[in-house]
Structures are given as C-alpha cells and as structure tokens.
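So the chains spell out like this:
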Amino acid sequence: DAMVIQNPRYQVTQFGKPVTLSCSQTLNHNVMYWYQQKSSQAPKLLFHYYDKDFNNEADTPDNFQSRRPNTSFCFLDIRSPGLGDAAMYLCATLAGVGTDTQYFGPGTRLTVL
Amino acid sequence: GENVEQHPSTLSVQEGDSAVIKCTYSDSASNYFPWYKQELGKGPQLIIDIRSNVGEKKDQRIAVTLNKTAKHFSLHITETQPEDSAVYFCAASQGSSYKLIFGSGTRLLVRP
Chain A
39 DAMVIQNPRY QVTQFGKPVT LSCSQTLNHN VMYWYQQKSS QAPKLLFHYY
89 DKDFNNEADT PDNFQSRRPN TSFCFLDIRS PGLGDAAMYL CATLAGVGTD
139 TQYFGPGTRL TVL
Chain B
26 GENVEQHPST LSVQEGDSAV IKCTYSDSAS NYFPWYKQEL GKGPQLIIDI
76 RSNVGEKKDQ RIAVTLNKTA KHFSLHITET QPEDSAVYFC AASQGSSYKL
126 IFGSGTRLLV RP
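Protein chains in written order, with this note's numbering: chain A, 39 to 151; chain B, 26 to 137.
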C-alpha cells in the first residue's frame, strides 16, 4: 500500500498562474519534506515540517510556500510559477518515530507553459 | 554544511557483471547513509541504508560498505539484471531533522 500519495501526478500551469500540489501520508508521522528535482539532477530540499513547525531552506525562493493543515496532508503552493520552476516535486516522510529512513511519494511533474 | 560527491555519473555493465558506485561525504557528523533507486518518472525508492556504527550491510544482491575514517561509502550490485537499470542516488544525513543531502546520481545501464 502506498505510504506517500501525491496528487496530481502531472500538472500543467501557465507562466505566473498559481498552482498547488498536494501530498498525503498514511504513516501518521510528524515530519514531512518537500523536494524539487530538475531533470538529471538530485532532489533538492525546499522545506520540511516538524509537526506544524515550518522549516525553510535558506535558498528556497519566496515564490514557494507550504501549508500543513493536519498530520496527514501537506501542500506546496507556487505563487507565480516561472519556466525555471518546471520540475518533479517530491514529498517524503519518515518511516517511523525515531527513525531517519525517508520514504518518497511518486512525485508530481510540473510543466509551466 | 554537508557535501556529498558521487562517482561515476554513468555506468554501463553487461548483465551478470557487478556494479560499484562510490560516494564521499564531507561532514564527519553524518551518521546515516541511504541509497535510492529512481526509475524514469517515479519517486526515489530506498534500496538499502547503513548507519555509522556498521561497516557493511547486505541484502541479497545489494551491499553497502562504509569507511568512516575515509568518509566514503559504496553501493555494490552483484549479478546485475536489466531491471537494475535506473539512476542511483546516495545520500547522507545527520541531526534530529534527518535532512538528506544527495549525491549527484549515477545512471546505471545493464546491457542484456
């Protein structure tokens, strides 16, 4: 059974049009992560949550925001997508309490026209 | 901060041969080293991991070795099969937030 679910799998938006990607996890873990992965590159951490505490990476652009309404769900909002934001967006969580094993979702492929 | 270097960037082997991918890390405080396999259009899948108190770990055809003194760790795949073809990422982690720092990836091609 899938532990990290991302919707949609593919998202097309227009330049400058806000878009929201969603992630849910069945492990009920208090930590969730959002990564950006551009073509032929490694995943790059954008931010993570520890419960509702939001932790932004220093180089994450202000254009990227996130919401976590409850333990299971997390959203990535891109306020004004540019062509350079086209990428795979990956959500991840930890396997259990006290473990550092991260499980990733299948990702959402974002295209910006 | 932590930096992880991964080599080679591409690796082509004949089916049945072994494949070795190597990573080095810079921060001696890193204590957790996972390896992920990523197939085209999919999310990374954890295939094996090792912690700093262990020197080697094996799971069927896959093994990982860790040399803390030299700060490097390696993935070994024996008896490779075409379905092993994918991009492999190493990573290092430390601290309570368990943030992963990834290597740049290795594209493995197993030729039938």
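Note that these hints are calculated values from the structure, not bench results.
These figures come from a predicted structure and were not determined experimentally.
Just to be clear, a hint being listed does not mean it is correct.
Straight-line distance between alpha carbons at most 25 Å, and here's what the computed SDA-like set of lysine to any residue pairs gives [what the hints assert, rightly or not]:
| hint | chain 1 | residue 1 | chain 2 | residue 2 |
| --- | --- | --- | --- | --- |
| 1 | B | 124 | A | 147 |
| 2 | B | 124 | A | 55 |
| 3 | A | 82 | B | 119 |
| 4 | B | 82 | A | 49 |
| 5 | B | 93 | A | 147 |
| 6 | B | 47 | B | 62 |
| 7 | B | 82 | A | 137 |
| 8 | B | 83 | B | 26 |
| 9 | B | 47 | A | 151 |
| 10 | A | 82 | B | 75 |
| 11 | B | 93 | A | 85 |
| 12 | B | 124 | A | 151 |
| 13 | B | 124 | A | 134 |
| 14 | A | 82 | B | 27 |
| 15 | B | 67 | A | 91 |
| 16 | A | 90 | B | 88 |
| 17 | A | 76 | B | 112 |
| 18 | B | 124 | A | 139 |
| 19 | B | 67 | A | 105 |
| 20 | B | 62 | A | 52 |
| 21 | B | 124 | A | 52 |
| 22 | A | 82 | B | 42 |
| 23 | B | 124 | A | 60 |
| 24 | B | 67 | B | 26 |
| 25 | B | 124 | A | 54 |
| 26 | B | 96 | B | 67 |
| 27 | A | 76 | B | 93 |
| 28 | B | 47 | A | 57 |
| 29 | B | 62 | A | 57 |
| 30 | B | 47 | A | 101 |
| 31 | B | 62 | A | 101 |
| 32 | B | 62 | A | 141 |
| 33 | B | 124 | B | 42 |
Of the hints given before, which are not true for this structure? When the structure is compared with the hints, numbers 2, 4, 5, 8, 9, 11, 12, 15, 16, 20, 21, 22, 24, 25, 26, 27, 28, 29, 30, 31 and 33 turn out to be violated.
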